[in-house]
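4 protein chains.
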Amino acid sequence: MKAAVIGGTGYSAIELIRLLHHHPYAHLDTIVSHSNGGTELHEIYPHVTNLIDTPLQALDIKKLSQKIQVVFFATPSGVSKEMIPAFLDEGIRCIDLSGDFRLRSQQSYEKWYRHQAAEETYLKKAVYGLSEINEAQIKGSTFISNPGCYPTATLLALIPALQLGFIDQDNIIIDAKSGVSGAGRGLSLATHYGEVNENVKAYKLGAHQHIPEIEQTLQTACHFSKSITFTTHLVPMTRGIMCTIYTNLTKQVATEDITLAYTEYYQDHPFVRIRPSGTVPATKEVYGSNFCDIGFHADERTGKLTIVSVIDNLIKGASGQAIQNLNLMNGWDVRTGLLNIPLYP
Amino acid sequence: MKAAVIGGTGYSAIELIRLLHHHPYAHLDTIVSHSNGGTELHEIYPHVTNLIDTPLQALDIKKLSQKIQVVFFATPSGVSKEMIPAFLDEGIRCIDLSGDFRLRSQQSYEKWYRHQAAEETYLKKAVYGLSEINEAQIKGSTFISNPGCYPTATLLALIPALQLGFIDQDNIIIDAKSGVSGAGRGLSLATHYGEVNENVKAYKLGAHQHIPEIEQTLQTACHFSKSITFTTHLVPMTRGIMCTIYTNLTKQVATEDITLAYTEYYQDHPFVRIRPSGTVPATKEVYGSNFCDIGFHADERTGKLTIVSVIDNLIKGASGQAIQNLNLMNGWDVRTGLLNIPLYP
Amino acid sequence: MKAAVIGGTGYSAIELIRLLHHHPYAHLDTIVSHSNGGTELHEIYPHVTNLIDTPLQALDIKKLSQKIQVVFFATPSGVSKEMIPAFLDEGIRCIDLSGDFRLRSQQSYEKWYRHQAAEETYLKKAVYGLSEINEAQIKGSTFISNPGCYPTATLLALIPALQLGFIDQDNIIIDAKSGVSGAGRGLSLATHYGEVNENVKAYKLGAHQHIPEIEQTLQTACHFSKSITFTTHLVPMTRGIMCTIYTNLTKQVATEDITLAYTEYYQDHPFVRIRPSGTVPATKEVYGSNFCDIGFHADERTGKLTIVSVIDNLIKGASGQAIQNLNLMNGWDVRTGLLNIPLYP
Amino acid sequence: MKAAVIGGTGYSAIELIRLLHHHPYAHLDTIVSHSNGGTELHEIYPHVTNLIDTPLQALDIKKLSQKIQVVFFATPSGVSKEMIPAFLDEGIRCIDLSGDFRLRSQQSYEKWYRHQAAEETYLKKAVYGLSEINEAQIKGSTFISNPGCYPTATLLALIPALQLGFIDQDNIIIDAKSGVSGAGRGLSLATHYGEVNENVKAYKLGAHQHIPEIEQTLQTACHFSKSITFTTHLVPMTRGIMCTIYTNLTKQVATEDITLAYTEYYQDHPFVRIRPSGTVPATKEVYGSNFCDIGFHADERTGKLTIVSVIDNLIKGASGQAIQNLNLMNGWDVRTGLLNIPLYP
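Protein chains in written order, with full-length UniProt numbering: chain A, 1 to 345; chain B, 1 to 345; chain C, 1 to 345; chain D, 1 to 345.
The set of hints was computed from the structure by calculation and includes no laboratory data. Check the hints yourself; a few may be wrong.
[What the hints assert, rightly or not] Label pairs and their in silico Cβ distance ranges:
1. 58/D x 260/C: 48 to 56 Å
2. 254/C x 55/B: 57 to 65 Å
3. 253/A x 207/B: 12 to 20 Å
4. 207/B x 39/C: 17 to 25 Å
5. 116/A x 264/C: 39 to 47 Å
6. 78/D x 67/B: 58 to 66 Å
7. 253/D x 170/C: 18 to 26 Å
[Stated by the list, open to error] Below, in silico cross-link-like pairs of lysine-lysine (DSBU-like), each with a Cα-Cα straight-line distance of 35 Å or less:
8. 226/D x 226/C
9. 251/C x 139/D
10. 139/A x 62/A
Ideal placement from N, C-alpha and C gives every residue a C-beta, glycine not left out.
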């Protein structure tokens, strides 16, 4: 199966390129870069020297459609919604890593993203690619809207507890910490080394575009009808997201019981690892891998359940989950090309 | 005024030594180090070369009591409770940076610290040195129990909102992130560079000894009668604490109003800086200073108030506040020796 | 082929375990840990949860010799020299990642390592496993002494220039910078986060045990008869070594010519990547990979050739090169299990 | 004395502003910012909240000349050469932190900086402000060209050894490592967190504009007639420069003797600290201070002297030395406003 990556010089794109290069069934045929057409990838990313000689190209949808079977979009928001219809109309499979097709409501998209939404017709075709939760729909799909990094870490941690009735819908608070690569390779003061190093910073309080994505998915998966509180923080590291999630237990229950229930819930899903009762994961423990690791603390004194989930934001939070969805769409073993041990230390 | 620092080779101690060296009225006379008596400070901390030639000494309470007027304890928990009575009996002022005298209840201390509590008689003499909140008592005191780093950042952010009735007592959640220096200079896997770098880690869920300290102070200052949820995280940086505090608003109120109310509340307290409405502080913005900066987000959609407070854990969270308390005890301007601009970047 | 790793909880060991787990022909059968026998690996390294369930065992040379065909030693210096004779006598292949068998001269070992050298008989059996340079001997060998991290980065960069006559033997200066993982997982002030972060530190000036290792190899490979100047620095990162090597050109030559000559020299060696003329590599560009990347600057003004080489110290500088040697010993494609794209960013 | 800072939003500028704020005799009257005139400093640098309320202003040389006695230029190269003549003509003292007036030869400037040099007349008026070495000229001067960060660390380490005849002029090699703040606050891929973190990078090999600055000063101070080899590296930290300098000893001499000679050489210069024989300084040991710390290793085996010098690049390497020069120009104690203990950890 031949694949193209559009948006070829961002961090999600280079991670896609790496994963595709190591994938046994998918072949990276074309890398499209608006800004760097004509140059070699190793000029922009010297770490691929001698390994990838696919040159960067300008976009030519017609020509591309004749060569490839699947396109990955690693583009800024607002871009893929202009391109995807043409590819879908040509029968090409699309996996969109941007936010353009994640929100089913155009109004909601325009409120949170602050630009025009995708067309309704195509919006309806998109399947939300939260691999473990929506596996069935993904399998039959030709167009995947790949989840955001924060929603992935949040939803995998939260959905079982809500579905199994351990926690109630009120007062769900998600405190998220992310490495800087989530902000991409674009230049901004927010990613300047001098501003990030030795610094923790909260940003977009109450205004992050991942809030409606999380709420929408909880509505579908758990009949959720409330609002979540969600705060994102930038911490001085390159990769990794931790979500510390605070919830109200519906009844007194031991950490062991939660752990057991989650282990069962995810027993057929190798990329979610439930940690032994009494322990919680750290971000480095999934570094460079497609795992989402989850641990719990049920607190008798306060009646609260704290859930800690971690992912590598560029892999399970972006390009790895995209490959996982590619595997599902094609009926390949979901682990294909993805089951490596995290890099530690 | 002649001062001694006991516990002379930890990070809080070296920060105390630095601040005392620059203080116009207090003079650092003696540095006591159990493990390094006889060596020069610059052998252990080369950055003081040519600046401080006070040698490290073994402890001799009698001799010390004849020379100095105030003793700072920068010792691990369990140590100062054995030494402080003797100094107090000799009429020496004591400022304890450890947790030994922070909890009024011996049972509570023994439950959370897991060793024997200080004697009741001396426990009663200790004034909790949260400088801005307890200024009046500190002024007349001869024995200060200096607050923990997390409680300082939490309490300064939380007390006004509770006292002014903006928030209710239920569902107070504190998500705390700390640099690694808070764990001290002692060796452990938790402070090993390879384990901390590129990593975020949650620890002591529901079990941190600062939980009862925060609750006790809220009880006194705000008639608080509930439990808090408090989770600490280690982030890959040396200095800095951020507390992101989630609370329920009692009524709809704008971020501007909260900002204004806090600005008034702290108008006579130069070390608390309330940030302009719509902004929140980052840890690096107080790096190397005694400030606690606070910002707010009142969310209409969720009815929640999120408070973000930051400190330098070694200064306002330990040694700086100790000097601030020394200033208050002596009737000196509270800013003496402390009002420097944070080091940025 | 069944393999054992001895010294199972250090950083080189865990990297060996990761690489063996992904290797198609070698199977990790046994992990030996002196200090943690009986525990599960995931208790010590949670990142292997659900992936590796090999328990840690105490050492039993007899039993081990009946089960496995190759043993890797990831032990501190002084340990493997006691164990390797027994394994070799049983006909088991040994790959030693420690320094015990690197120096051919016992006197030299005892001078630089400051403890007793290995037995002469076994010392003579060891082949120095600098894969690209000693490929022929490694192929026929059953006992490999795996090179040090600094010597690997230094020698691959220096040997061609000396052999090809571009530079003279005088005034070779190697300024080496390393991430902290090279110091291992053991606890010491030198690896404490608060001491390493935001810090560059030179150490062991003129006294590093890799000096005689480099000189000895240059003697064999290049008739080298002088001394090198070699200084190591610790920089605040986890992985990566850069050697900046300063040499005197024997004649005026362009950077292009050097680049071309090295490209030819290493044309059959996929793990050495020569960078395009005018560019030099950065450490992150080989992160998580077995590559050694090299770039040049021939300076007309000064008559100097500066060579910059980089490796991931835990992979090409330790465990990756060990696997590369395993491949060579067994006649497998040298790239087996090792040819992944570096993780970037 | 009233001072203005021009170029008010870069890292050197904010450091100047901090130091001037704490200076007892100089008063920061005006901050000029081309790009941010009209805004408040705390909007750009929130860490000065409540401390500095000087608004940023557009440049008006006439008006400024009537109010202030000294101007600091913290501008990119090519800017100050256009402005300084006007200020000098009005009798205003100028301290230029850029490279515009460092090279006496216009041709050399144009070769290394690649744009037009300053006017000869004004070039001749500039005194090179390497405080310890040129103290006498600085004292009588009204126009200081403040040294570059790398030249400061290099020259203070190298000049005594050359002047005292310990080393010869051949084969002087300077391997320099710098934190990222030296590249300023401007946006570039080279300062993007994802590119810098966990990375060491060599840059501008043989082409750094500090090479002619170092050589010119050595010519004046030491009759130097050769070329130096100088390579700069970016390491993942915010502040700090280390220069590791490799030289040939003219005769066999012990590290102790060098140490003693340097201690004497700098005995009246409090900001140069010579480390005890056998030890070398680390960058963090001068963090946040105006010190240049120097240590030595004379190697009997190789006949080489290795000198390690460290500075905080924003203080001794820029703004601190500028204040030191201000002190000298005015006949104030050189330590005024500068003698603080480094911030550690």
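Structure-based check of each hint:
no.: 1; hint: 58/D x 260/C: 48 to 56 Å; verdict: holds, 54 Å
no.: 2; hint: 254/C x 55/B: 57 to 65 Å; verdict: holds, 59 Å
no.: 3; hint: 253/A x 207/B: 12 to 20 Å; verdict: holds, 18 Å
no.: 4; hint: 207/B x 39/C: 17 to 25 Å; verdict: holds, 23 Å
no.: 5; hint: 116/A x 264/C: 39 to 47 Å; verdict: violated, 56 Å
no.: 6; hint: 78/D x 67/B: 58 to 66 Å; verdict: holds, 60 Å
no.: 7; hint: 253/D x 170/C: 18 to 26 Å; verdict: holds, 20 Å
no.: 8; hint: 226/D x 226/C; verdict: holds, 24 Å
no.: 9; hint: 251/C x 139/D; verdict: violated, 47 Å
no.: 10; hint: 139/A x 62/A; verdict: holds, 27 Å
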